[in-house]
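Undergrad: When we follow the numbering used here, the leftmost residue of the sequence shown carries the number 55, and every step to the right adds one.
No lab work stands behind these hints: they were computed from the structure.
Watch out, some of these pointers could steer you wrong.
No farther apart than 30 Å at their CA atoms in a straight line, the calculated lysine-lysine pairs in the DSS-like style are these [to be verified]:
hint, residue 1, residue 2
1, 98, 136
2, 142, 99
3, 81, 99
4, 99, 62
5, 81, 98
6, 62, 142
7, 101, 81
8, 77, 62
9, 81, 62
10, 77, 101
11, 77, 132
12, 98, 62
13, 99, 132
14, 132, 101
15, 132, 98
16, 142, 132
17, 136, 81
18, 136, 62
19, 77, 98
20, 142, 101
21, 77, 142
22, 81, 132
23, 136, 77
24, 101, 62
25, 136, 99
26, 77, 99
27, 136, 101
28, 142, 81
29, 132, 62
Fair warning: this is a prediction, and the values are worked out from it, not measured in the lab.
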Amino acid sequence: MDLIRIYKALSNPTRIQILQWLKEPEKHFSEVYPEGVCVSDIQKKVKLSQSTVSLYLSILQDAGFIQSTRQGQWTYYKRNEKQIEEIKQCMMDL
């Protein structure tokens, strides 16, 4: 587990907000699919450019917080709860 990547992912308030929204996607997004939330819906909610949102999602994914599923031209994101639990345990062991 790369703690530097984890801390980097958590060092930005927008990335933390995205994680919080994805914890209860039905509450925060109009359309939620079994695969997760479409990247375009996340972009609309954060009101940032597509490239910035893609970078943020990539950082969260590299740290293990989220996972993506690609279907055709669409990419969906959801939290990786198993990995989040492992990250929590690792941080508590510090």
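Undergrad: None of the hints should be skipped; say for each whether it holds.
TA: How the hints compare with the structure:
Of the supplied pair hints, the one linking residue 98 and residue 136 holds, its CA atoms being roughly 27 Å apart against a limit of 30 Å. For the suggested pair residue 142 and residue 99, the alpha carbons sit about 27 Å apart, so the restraint of at most 30 Å is met. Taking the CA atoms of residue 81 and residue 99, the gap is about 12 Å. The hint holds against a cut of 30 Å. Distance check on the hinted pair: residue 99 and residue 62 sit about 22 Å apart at the alpha-carbon level, within 30 Å; holds.
Taking the CA atoms of residue 81 and residue 98, the gap is about 15 Å. The hint holds against a cut of 30 Å. As the CA atoms of residue 62 and residue 142 are separated by approximately 15 Å, the hinted pair is consistent with the 30 Å bound. Straight-line distance between C-alpha atoms of residue 101 and residue 81 comes to about 18 Å, which keeps the hinted pair within the 30 Å bound. For the given pair, residue 77 sits about 20 Å from residue 62 by alpha-carbon distance, which is consistent with the 30 Å threshold.
Using a Cα cut-off of 30 Å, the hinted pair residue 81 and residue 62 holds, with the two alpha carbons roughly 27 Å apart. Of the pairs offered as hints, the one joining residue 77 and residue 101 holds, with about 19 Å between alpha carbons and a cut-off of 30 Å not exceeded. Straight-line distance between C-alpha atoms of residue 77 and residue 132 comes to about 8 Å, which keeps the hinted pair within the 30 Å bound. About 23 Å separates the Cα atoms of residue 98 and residue 62, which keeps this hinted pair within 30 Å; it holds.
For the given pair, residue 99 sits about 15 Å from residue 132 by alpha-carbon distance, which is consistent with the 30 Å threshold. The hinted pair formed by residue 132 and residue 101 meets the criterion: a straight-line CA distance of about 19 Å does not exceed 30 Å. For a cut-off of 30 Å, the pair hint linking residue 132 to residue 98 stands: about 16 Å separates their Cα positions. Of the supplied pair hints, the one linking residue 142 and residue 132 holds, its CA atoms being roughly 17 Å apart against a limit of 30 Å.
For the suggested pair residue 136 and residue 81, the alpha carbons sit about 21 Å apart, so the restraint of at most 30 Å is met. Note on residue 136 and residue 62: the hinted pairing holds, with a Cα-Cα distance of about 20 Å set against a maximum of 30 Å. Our distance criterion of 30 Å between C-alpha atoms is met by residue 77 and residue 98, whose separation comes to about 18 Å. Distance hint between residue 142 and residue 101 is fulfilled; the C-alpha atoms sit about 29 Å from each other, no more than 30 Å.
A C-alpha spacing of about 15 Å is found between residue 77 and residue 142, which places the hinted pair at or below 30 Å, so the restraint holds. Between residue 81 and residue 132, the direct Cα distance comes to roughly 14 Å. Compliance with the 30 Å bound is thereby established for this hinted pair. The hinted pair formed by residue 136 and residue 77 meets the criterion: a straight-line CA distance of about 13 Å does not exceed 30 Å. Between residue 101 and residue 62 the alpha-carbon distance is near 21 Å, which keeps this suggested pair within the 30 Å criterion.
Between residue 136 and residue 99 the alpha-carbon distance is near 25 Å, which keeps this suggested pair within the 30 Å criterion. Between residue 77 and residue 99 the alpha-carbon distance is near 15 Å, which keeps this suggested pair within the 30 Å criterion. A threshold of 30 Å between alpha carbons decides the hint, and for residue 136 with residue 101 the separation of about 29 Å falls inside it, so the pair holds. Restraint check for residue 142 and residue 81: satisfied, since their Cα atoms lie roughly 24 Å apart, inside the 30 Å limit.
Note on residue 132 and residue 62: the hinted pairing holds, with a Cα-Cα distance of about 19 Å set against a maximum of 30 Å.
Checked against the numbered hints given earlier, this structure breaks none of them.
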